[in-house]
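A.B. asks: Let the sequences and hints guide you as you build the complete structure.
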Amino acid sequence: MKTVCCSILGFGAIGQGVAQALLMKKEYLKSIGLEVKVVAVVDSKGATVNPQGVDLADCLSRKKKNGTVALENITGVEMIRSVNHELVIETTPTDIKTGGPGLQNMFAAFETGKDVITSNKGPLTLKYRELLETAKAAGSKFRFEATVGGSMPIINLANEVLAGNRIISIKGILNGTCNYILTRMLEERASYTDILAESLELGIAETDPTYDVEGIDTACKLVILANAIFGLDVTYKDVEVTGITKITPEALEMAYERGHVIKLIGEVSREKIQVAPRLVPIKHPLAVGGTLNVASVYTELAGEITVTGKGAGPIETASAILSDLISIYGKN
Amino acid sequence: MRVSMDIELKDVPGQMLLALQPLSECKANLITVLHHHQKRTPRKTVPVQLVLEAKPESIGIIKAKLEESGVRVVRVGEQRFRETINVVLIGHVVHTGIQDTIDEIDKTGFAEVVDLSLSMPGINLLSSALIRIDAEGKEELQKALDILKSVSTKKDLLMVLPIDIQA
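Going line by line, the protein sequences match chains A and B.
Just so we're aligned, residue 18 is where the first sequence starts under our numbering, counting upward by one.
Just so we're aligned, residue 2 is where the second sequence starts under our numbering, counting upward by one.
I should point out that these hints are in silico values taken from the structure, not numbers from a laboratory.
We treat Cβ as the ideally placed atom computed from N, Cα and C, and that holds for glycine.
Mixed in with the good hints there might be a few duds.
[Said to hold, decoys possible] Cross-link-like lysine-lysine pairs, in silico, DSS-like; alpha carbons within 30 Å at most:
1. B:139 with B:150
2. B:144 with A:289
3. B:155 with A:254
4. A:300 with B:139
5. A:263 with B:139
6. A:254 with B:156
[Claimed, not checked] Computed footprint of chain B on chain A; a stretch qualifies when at least three of its residues, placed anywhere within it, have a C-beta under 8 Å from a C-beta of chain B:
7. 258-266
8. 297-310
C.D. replies: Take a look at the structure:
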């Protein structure tokens, strides 16, 4: 049995999802020879630390009751530097302007020789190359499947499952909120503003939806795909971005009458990185509805491979984190 | 060159083979065949529409050979436009001069706006248009889209293109 000592940094919806998934999958992990021991959980107010393993159920319950897991007043970076463990699960919120605490946490983890699994797009959008080189120099593993498409496998699909294939391009719907808004606008023949309000009420859109509806979130995901799959060295500034705020119900209806839906499509190849609303034939594999994500990978040998899945949600994102964890430690 | 050809076949077995034989002999490339078997002309024949590609000098020979075989050739016409695309435009489509937007495409000579659907829900609301553009070939279509993109940028219109088109 291999014991993996890890910390969870960021205990919002995704961090809690990871804790729940680890509790749910404890026996399964044992069956493949892994014991995952969480030695620290950190949120914005502080941390719970126990080198013998924290009680995840207790952390979840305290977070729900008190809004924090803080028992000690230390930051993520301080915890990384002072507590002995080998894996940092980084789930702090995305900040694409500065990278936020996630960026500092990742550098601290690599500098102390730890592996990192993350769902946080910000640091990868800003400093992918630097992070990768720091991880390499430290001999650390760095995995980030959860940053793109939630539960939908895309990075590991292209880099591992389709190994040997040259990836020509990837096109897809990488933002569930935009997909929901466009789907509902067509169904209800309602305006963008009305459906945005509905999305806010249902918790599908954020209070400030700019990041999703202006295509920024999709662009960040494309940057990660461009760097991680196509070996490019690009940032958000290299992406041509158009959002969905101008889309009208009339345009959706006219397109539908001619056999098309309008979707916010992210597209990445060695030549171009672009986010824009596009006309998609109703029977096209990318014409999925609701909050679903979908991506078609165009390959040299295998042709076109399309995957679809839930792009957000705590447990769904935790599933991608768990698959990265098993991928790193399960084979040893 | 690509031509469309309307022919009429007798409603007896083997007529289609008879019609395709001259095409094969003249090395024409058959693109589409529309066999309207449920329809009948007043002459009790079955109308068939063909689209084929052949050398310009072969077209007359094919027509003559068909007629020699007893196949009636009703019409032969050059098919100028091979490519077609639907594009959605959103913004102040009308107030920024929709005629001018269409003219920019039409005056190229190699592409035309052939269909337009328009919705104007209110004075202060964004209008939406769906236009169909026909073009002589892929290259001409791309050029027409480049023109439309430049016009749309100038007029602050959002252009929504099909997913399989290089934007």
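A.B. asks: Evaluate each hint against the coordinates.
C.D. replies: Structure-based check of each hint:
Restraint check: the Cα-Cα separation between residue 139 (chain B) and residue 150 (chain B) comes to about 16 Å, which is no more than 30 Å; the hinted pair holds. The suggested pairing of residue 144 (chain B) with residue 289 (chain A) holds, with an alpha-carbon distance near 19 Å, which does not exceed 30 Å. Distance restraint check for residue 155 (chain B) and residue 254 (chain A): the Cα-Cα separation of roughly 22 Å lies within the 30 Å cut-off, and the hinted pair is therefore satisfied. With a C-alpha separation of about 23 Å, the suggested pair residue 300 (chain A) and residue 139 (chain B) falls inside the 30 Å cut-off, and the hint holds.
For the proposed pair residue 263 (chain A) and residue 139 (chain B), the alpha carbon gap of about 29 Å is at most 30 Å, so the pair holds. Between residue 254 (chain A) and residue 156 (chain B) the CA atoms are separated by roughly 24 Å; this keeps the pair inside 30 Å, and the hint holds. Chain B is given as covering the stretch 258-266 of chain A, and this holds because 4 residues of the stretch bring a CB closer than 8 Å to a CB of that chain, at least three being needed. For the stretch 297-310 of chain A, the assignment as covered by chain B holds, since 4 residues bring a beta-carbon within under 8 Å of that chain's beta-carbons and 3 suffice.
When the structure is compared with the earlier hints, no violation turns up for any of them.
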